[in-house]
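Quick note, the sequences are listed as chains A and B, same order.
Under the numbering used here, the letters of the first sequence match residues 1 to 263, in that order.
Under the numbering used here, the letters of the second sequence match residues 1001 to 1320, in that order.
These aren't lab readings, by the way, just hints derived from the structure by calculation.
No experiment lies behind these values; they were computed from the predicted model shown.
Quick reminder that beta carbons are idealized off the backbone N, C-alpha and C, glycines included.
It cannot be assumed that every hint is accurate.
One side of the interface only, derived from the structure: several residues of chain A facing chain B at Cβ under 8 Å [what the hints assert, rightly or not]:
| id | residue |
| --- | --- |
| 1 | ILE52 |
| 2 | GLN57 |
| 3 | THR58 |
| 4 | TYR59 |
| 5 | THR61 |
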Amino acid sequence: MTGYLTALAAIVTREALRFIHQRERFVAALVRPLVWLLVFAAGFRAALGLSIIPPYQTYITYETYIVPGLCGMILLFNGMQSSLSLIYDREMGSMKLLLTSPFPRWWLLMCKLVGATAISVLQVYAFLAIAAAFGITMPMLGYLTVLPALVVAGIMLGALGLLLSSFIKQLENFAGVMNFVIFPMFFMSSALYPLWKMAESSELLHDICAVNPFTHAVELIRFALYVDFNGAALGWTVLAAVVFTAAALWGYSPEGSGIRRKG
Amino acid sequence: MIRSATLICGLLVSPVWAGEIWVTNEKDDTVSIISTETLEVIQTYPTGERPRGITFSKDFSRVYICASDSDAVQVMDPNTGEILHDLPSGEDPEQFVLHPNDRHLYIANEDDAITTVVDTETRRVIAQIDVGVEPEGMAVSPDGKIAITTSETTNMAHWIDTETQELFANTLVDSRPRHAEFVKDGTQLWVSAEIGGTITIFDVADQSEIGKIDFEVQGVHPDRVQPVGFEFTADEKTAFVALGPSNHVAVVNADTFEVEDYILVGRRVWHMDFNGDKSLLFTTNGVSGDVTVIDVASRTALKSIKVGRFPWGAAYRPTD
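Next comes chain A alone, as it looks inside the complex (with noise of 0.2 Å):
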């Protein structure tokens, strides 16, 4: 067992050291969002009305509403970026060192996954100071109640990094995954509009908001941050992370496609 934790530090020691390392991303990461924050949403405040939905009780200006979106696209951000990672190590021979570590190879990656998730719960901590110090504020309470609903919700979008690395076969590849898979689960969720605004425009497009994985997290997100629960937000979150740590794995087995083609 303490071998197995051994690797944990190590791995997370790792993510840890490559991200003090690299101080401009991680200012990078913080200026996307903001940029969200200060410019885009400053621009809508007066264009959006938003009527009172759970967990709001009264009304609330737009920057405040798209407070969740950002932290969930931070961690949508670093879940891809770390897969991004993973390639350029498969590419540069790091990975096959690690695996030939002799603990399983599913420990080492959900090393990897709780690593990654780590960092990037801190830099959405970041965010919310920064957010706080513009006069956005949560309930102070709300600021720790969140910690778990990030840690889930970082968990499920660093495994689906994880998954799509193990399918991405060259780093040229991954400008893809911008276009397929960051941008849509991004737009197409409640971080930008409440899902009752999408379907003001399209039923068909509040449909695919509604089963769309980023949605959930988003809402988890932002019920923890009122101090509220949202159970059917939890489940979805768990299923999804659940559904693609099992197809990740999968993916960086023997059987699967991903290690075996390269190394």
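Add chain B to chain A, keeping to what the hints say.
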């Protein structure tokens, strides 16, 4: 849900100020009663047509309601919701104010350009005073010597001597004055101007203007920033001002006349009242048909409570 529970627990452990906020629903012809403890509507009573102004007698045993389209001021038993009788009010009563003697009601008759004074005991009109066109805002000084009527179209505050029931001064204010309040022991008079977008402050001693407050809500066109009702905190250091279709309440420093904050509430916020210890403020939001509860200390909106269509006036009644 948990947040509501936290709020309600917080309210329960604070000093007990059990009470109700009564809200007139202009298009439903009803009053909604909100518990200041649970922040939920606990009762709805029918009224005459188009209820707007609402106020309680000093001992809270009667509630007076301006039923504008019924051309009557209705007197209701707040314990049963029964309409006890109507008072002669003149045509289209919109707002009124109860004199500190707990007996004389000063009523603005919007269509007739008069202020009617009614004795609530004898149920008789004791005076009708000609004022400007479309009178609306009503106030009476704490010592009861001066009553004010603001006229929406003439853009004036009319000063009435309550002993002679005659005007003794008229002062110009900005366009469409809606609401007036005496503060600082009756030494100042504040008058809001809906279209002018300002509040003018007068020195009561000589009726001279001593200050003016402008409002500017970020992202909202100035035309939509329309001050209407306003109320003061217990220490009279802070005023909360409803800004109509800008959907915000302004927080004003009543000493410096500086606007310190804006709070997002429901659509077309109109009037307001506090709970018993003035820790919570309840604003009526006409278009969205709800009442927003503001925590006075933190200046944040806590909750919006659905009431009837087009809530207009609000009045507090203690229940313990």
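Consistency of the hints with the structure:
1. Annotation: interface hint on ILE52 (chain A) holds; nearest CB of chain B at approximately 6 Å, less than 8 Å.
2. With 8 Å as the threshold, the beta carbon of GLN57 (chain A) comes within range of chain B, its nearest partner Cβ sitting at about 4 Å, so the hint holds.
3. Checking THR58 (chain A) against chain B by beta carbon gives a least distance of about 4 Å; that is within 8 Å, so the hint holds.
4. At about 5 Å, the closest approach between the beta carbon of TYR59 (chain A) and any beta carbon in chain B falls short of 8 Å, and the interface hint on this residue holds.
5. Evaluation of the THR61 (chain A) hint against chain B yields a held restraint, the C-beta minimum of about 6 Å falling below 8 Å.
Going down the numbered hints, you'll see the structure goes against none, and every one checks out.
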